[in-house]
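2 protein chains.
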Amino acid sequence: MLAYIAGFLDGDGSIFFQIVRRKDYRRKFQIRSSVAFYQKTDSCRILKWLKGRLKAGYIRHRKTGISDYTIVESKEVERILSILHPYVKLKKRQLELGLKILRKLKKSQSNKDFLGVCRQVDKFKLLNYSKKRTVTCSVVSKSLPL
Amino acid sequence: MLAYIAGFLDGDGSIFFQIVRRKDYRRKFQIRSSVAFYQKTDSCRILKWLKGRLKAGYIRHRKTGISDYTIVESKEVERILSILHPYVKLKKRQLELGLKILRKLKKSQSNKDFLGVCRQVDKFKLLNYSKKRTVTCSVVSKSLPL
Chain A
2 MLAYIAGFLD GDGSIFFQIV RRKDYRRKFQ IRSSVAFYQK TDSCRILKWL KGRLKAGYIR
62 HRKTGISDYT IVESKEVERI LSILHPYVKL KKRQLELGLK ILRKLKKSQS NKDFLGVCRQ
122 VDKFKLLNYS KKRTVTCSVV SKSLPL
Chain B
2 MLAYIAGFLD GDGSIFFQIV RRKDYRRKFQ IRSSVAFYQK TDSCRILKWL KGRLKAGYIR
62 HRKTGISDYT IVESKEVERI LSILHPYVKL KKRQLELGLK ILRKLKKSQS NKDFLGVCRQ
122 VDKFKLLNYS KKRTVTCSVV SKSLPL
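Note that the protein sequences, when read in sequence, are chains A and B.
Quick note: the first sequence, position 32, residue 33 per the working numbering, numbers continuous.
Quick note: the second sequence, position 88, residue 89 per the working numbering, numbers continuous.
Everything labelled a hint here was simulated from the structure, so no lab data went into it.
A portion of the hints provided could be inaccurate.
If several chains are the same, the list does not tell them apart, and a pair holds so long as it fits within one copy or across any two.
[Stated by the list, open to error] Once the Cα atoms are required to be at most 20 Å apart in a straight line, the calculated EDC-like pairs of lysine to aspartate or glutamate come out as:
#, residue 1, residue 2
1, K93, D43
2, K143, E77
3, K56, D69
4, K90, D13
5, K143, D25
6, K124, D43
7, K93, D13
8, K126, D43
9, K90, D43
10, K124, D114
11, K49, E74
Taking the hints into account, I'd like the entire structure generated from these sequences.
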């Protein structure tokens, strides 16, 4: 079953990290981790099946006819990446860097530690070829005293 | 490994059947079966890995930046659908109808048998929500004496 889920994730899923502005956060930024699975809404029962297995996250149906099942809670993302690790092939590097980021984030105390995590999120971006990220490590560093 | 491949197929792969005009064929039409896996060309090594495991088919790189790994030879498609059968979830109905079509096709002797297969290909279309098919069973039946 985990091998199946890993194959599904490699085929049409996504692991990604975002640095999100948060006025109410001590450091003004949140590191948001996500594991997401996509499918046509017509076939969204497979997303329900996945949610039943992974026991976290939520399903959204978009107006475009695409649904997604996304897990964002760091603790759950870490758990899911850990159990899928032996089976994932295509996204192995994302998965490993993702686990590193999450573990570092848990231990991060100082602003310097936090910036170190942001730097790794920037590195993650290169693995995913993302073009849309606007909040990078350098944006955070301008706002945080070291 | 088969569970992984089944997950990959469910996530971003495709099983489909086409009725193709063939002037050189006795019945003027061919039933073409396909199992296809898609991926960005940047990540096409996973397609090479799949080809190494399934030992059939070919990989194409399209100008759009998408590559596909496709198996069309009926015997190979039947073999691959059979070994993936216990693991596939989302495309279970396609897979089972696909196997039925391929087995019926092997035994089909008369034009009437062949039209029966074409009818099942039409049924298959409904499972895949395909809108592009133009050669349907009724097109074949107009050209074949019963």
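Legend entry - Hint numbers contradicted by this structure: Violated hint: only 2; rest satisfied.
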